[in-house]
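Asker: This is what each chain is made of:
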Amino acid sequence: MTLKIDRDHSRFRDIVRGRIRQGLKKYISHGEMIGKKGKELVSIPIPHIDVPRFTFGSKNQGGVGQGDGKPGDPLDQGEGDQAGTGEAGQGEGDHVLEVDITLEELADILGEELSLPAIEDKGKSKIQSKKDKYTGIRRVGPESLRHFKRTYKEALKRSIASGTYSPDAPLIVPQADDKRFRSFRTDEQPVANAVIVYMMDVSGSMGDEQKEIVRIESFWIDTWLRRQYDGIESRYIIHDATAREVDRDTFFRTRESGGTMISSAYQLAADIIEKDYPASDWNIYPFHFSDGDNWSSDDTSLCMKILRERLVPVANMFAYGQVHSPYGSGQFIKDLREQMGTEEKVVLSDIPDREAIVRSIKDFLGKGR
Amino acid sequence: MAALGFSNETQLPAYLRKEQDKIEAVARQIGLDFFPTVFEILSYDRLNEVAAYGGFPTRYPHWRFGMEYERLAKSYEYGLSKIYEMVINTNPAIAYLLEGNSLTDQKLVMCHVYGHVDFFKNNFCFRSTDLDTLGRVVPTELSREGYDPNRRWIDKLANHGSVVRRLTARHGVEPVESFVDSCLSLENLVDPHSPFIVRRRIEEEAEEGPQEPVVPRLKSKDYMEGFINPEPYMEAEKQRLSSEQKSNKGRFPAEPEQDVLLFLIENAPLEKWERAVLTVIREEAYYFLPQMQTKIMNEGWASYNHSKLMTQHGVADFSEIVDYADNNAGVMATNGKSLNPYKLGVELYRHIEERWNKGQFGRDWDQCDDLDERRHWDLQLGLGTKKIFEVRSIYNDVTFLDEFLTPEFAFENKLFTFEWSERRGGYEVATREFQKVKQKLLGQLTNAGNPVIRVLDANHGNRGELLLRHDHQGVDLRVDYAERVLEALVRVWKRPVLVATKLEEQPVLIRFDGKDHSRVEGQP
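Read top to bottom, the protein sequences are chains A and B.
If you're matching positions, the first sequence starts at 1 in this note's numbering and goes up one per residue.
If you're matching positions, the second sequence starts at 1 in this note's numbering and goes up one per residue.
Please keep in mind that the hints were generated in silico from the structure rather than gathered at the bench.
Be a bit skeptical, because a hint or two may be false.
Calculated pairs, SDA-like style, for lysine to any residue (alpha carbon to alpha carbon, straight line, at most 25 Å) [to be verified]: (1) A/Lys26 with B/Arg424; (2) B/Lys515 with A/Thr55; (3) A/Lys70 with B/Lys74; (4) B/Lys438 with B/Asp457; (5) A/Lys4 with B/Arg170; (6) B/Lys74 with A/Gly72; (7) A/Lys211 with B/Glu187; (8) B/Lys414 with A/Lys26; (9) A/Lys26 with B/Ser242.
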């Protein structure tokens with residue numbers, strides 16, 4: 001059955017895609033594709049074109065709210081749409097929807113939105129680790145595992161049944177039969193069999209905006225890959241002229257200055273992989289983000305060498321994302337394209353601004369590797 | 001409802017029809033007075049479609065409705081929210097139910113709908129949506145017996161739809177659509193009071209030019225005349241009026257005009273088709289205006305009545321009470337710290353009902369400042385029900401809150417104001433002081449939440465430029481939007497357009513001449 005709205009809807013989609021009414025394109029807002037980790041609140045991007053009106057600036061307007069709090073207390077942001085009975089359609093809805101949603105659901109939505117294929121496992125053996133869980137109760141066992149409460153209950157039951165219990169002197173003496181013990185069951189748990197190695201250029205030319213783009217992008221890559229594999233490990237490498245491994249927080253915060261030697265990062269990544277993640281057991285995903293301004297062409301050829309010999313052969317996919325910075329020449333992606341472009345496992349993506357993040361995620365994950 | 005075209009497939013199933021009859025009878029019993037109400041049942045995509053069109057599936061084509069549809073459809077698919085119901089202000093009223101809702105939900109929705117329809121019929125604001133036989137808007141006097149106005153807006157909006165479609169066929173999609181875009185930017189430049197008063201008096205100009213201004217006199221008995229209309233004051237007024245008359249001489253419009261849309265329709269150099277489009281936009285803007293003006297009252301009234309019908313008049317049976325309460329709690333929830341119009345409205349009606357039941361009004365009550373006495377004040381008048389029915393007829397959101405929001409109510413409901421804090425980079429609680437809370441709330445509702453903008457001069461600088469004035473009430477305009485609205489205005493007016501406002505306390509003129517935006521400090 002076709003709906004009347006389909007015509008208007010496809011016209012709107014065409015505007016969003018930039019096919020018609022190009023003048024409106026610059027007014028499209030996508031909302032932010034970002035997850036708030038704490039409460040796991042996540043906004044879902046829905047393209048929106050505001051119809052401009054004479055309206056009040058929002059910041060100096062303020063408003064009236066309801067609830068607890070002293071003057072000076074902060075207000076929670078992003079009160080979402082209220083589900084409920086009512087005449088929808090008249091009011092100006094919130095443009096960015098914020099919802100309680102689990103990361104798994106989020107990954108599914110992402111997959112659906114971008115029509116990402118499920119990843120084909122390389123067919124590597126899935127390692128299972130055994131773990132004992134104390135979930136059951138048995139009649140025999142070591143004293144150290146005696147379940148006090150259950151034992152007491154049994155003793156109480158017995159003494160009431162046999163008529164020895166008196167409420168005035170509620171003394172319970174457990175006998176051997178009353179004793180109950182905790183028992184364990186062995187659980188098989190899948191262990192991580194995929195690893196993501198994030199590498200980021202933190203040289204002077206990478207600004208805050210560039211890092212924010214990397215942060216958003218790696219959040220989504222993380223979310224998607226975690227959905228695809230039972231367990232996943234992440235390693236973080238930052239580099240300028242030298243590379244070092246850092247934790248997640250440092251990865252996104254550090255701002256160094258100085259030159260750029262991309263090979264240093266590839267070197268370190270290859271070392272980590274060889275040491276900790278044998279290719280026969282692991283699905284390996286190196287991701288590298290940079291503004292593409294490498295120190296010298298010598299270093300670039302060294303990079304190619306490491307890639308060809310040590311990284312690409314073991315990886316499921318090697319991904320390189322290039323952000324635009326005002327200083328960078330952006331040469332590196334061209335070199336990669338020239339020398340590694342034919343390599344199936346190498347995925348290159350250009351990310352000029354935030355709007356391009358979605359497309360770039362699709363570049364990276366759209367191949368189902 | 002042949003105009004809808006799908007009435008056959010959307011007919012109510014028998015078990016719901018039975019419920020409808022039952023609910024209708026009970027609703028009449030508790031005093032609700034509504035138009036005949038037609039329920040239709042729709043699948044979720046159909047309901048989303050209808051909601052995207054603002055309730056009218058036959059509206060004019062525009063991408064904006066497609067955008068709204070996408071938002072609704074996505075929200076539904078992701079399980080974020082769904083529309084339970086939609087009711088539109090027509091006579092007979094049409095309400096849409098969502099197929100697949102539980103019976104309890106459907107009953108709740110029906111009760112809610114009867115609350116809305118009663119409100120549409122009886123609240124004075126909606127008088128401005130009465131039509132005459134030719135489909136023109138005619139505000140009528142207050143309710144009489146057998147009030148049965150013509151509100152065939154389904155037909156009217158369908159006519160609008162075919163007007164726009166016909167123009168599109170003749171002039172092409174792109175020009176018509178982009179002109180509609182421009183008009184939509186002006187949609188809120190309306191005068192909410194204009195349907196009820198005569199703004200413009202058509203004065204017969206005497207041939208020998210304007211006469212001496214007549215100063216209006218207050219009524220008085222002979223011996224009081226000198227005190228009530230003192231001579232020196234009358235003289236000063238006369239001076240003032242005549243100097244005003246001189247300075248306004250040749251000014252057009254003579255008085256600042258708040259119905260900017262009407263002003264443009266009458267005076268802008270528009271093509272015939274452009275005028276037709278602008279007229280469509282203006283009529284629909286005025287149709288939806290009463291709903292903006294009574295959001296809190298309307299939702300509050302519907303919620304007040306659905307809870308009364310469901311719980312006290314046996315619409316829900318015992319097995320359904322828990323489901324009902326769960327759903328109702330969801331509707332009434334104050335999410336985070338934002339204000340929920342449903343909740344605010346329903347609580348305020350209950351507050352009024354209680355006050356009038358206990359006689360907590362009038363001079364004695366106002367003058368009593370013994371807290372204990374006030375707390376136990378109960379004259380057992382039982383006037384509550386009568387009062388809230390009166391309130392729902394003759395107030396809108398602004399007057400409703402102005403009159404009935406009491407310090408006690410604000411305290412019990414924990415109302416506060418919030419402000420943007422530069423230091424925190426977010427909003428924070430500002431104060432719980434009653435006067436300030438009330439002030440803020442009223443400020444936000446005034447003029448349906450829109451800035452007051454008037455046409456001041458259509459021949460500014462003697463260059464045919466259009467000068468608008470923003471009545472600055474302490475909140476600045478959003479400048480990037482204002483500039484784009486000026487672009488839309490230039491599209492309509494075809495000469496430079498200016499708006500006089502204040503930015504950060506400084507008087508400013510924002511101007512667009514068709515090519516460049518500029519800003520000049522100072523007043524016109």
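Asker: Next, verify each hint and record whether it holds.
Answerer: Hint by hint, here is what the structure shows:
| no. | hint | result |
| --- | --- | --- |
| 1 | A/Lys26 with B/Arg424 | 30 Å, violated |
| 2 | B/Lys515 with A/Thr55 | 23 Å, holds |
| 3 | A/Lys70 with B/Lys74 | 37 Å, violated |
| 4 | B/Lys438 with B/Asp457 | 34 Å, violated |
| 5 | A/Lys4 with B/Arg170 | 21 Å, holds |
| 6 | B/Lys74 with A/Gly72 | 36 Å, violated |
| 7 | A/Lys211 with B/Glu187 | 41 Å, violated |
| 8 | B/Lys414 with A/Lys26 | 42 Å, violated |
| 9 | A/Lys26 with B/Ser242 | 51 Å, violated |
When each numbered hint is compared with the structure, violations occur for hints 1, 3, 4, 6, 7, 8, 9.
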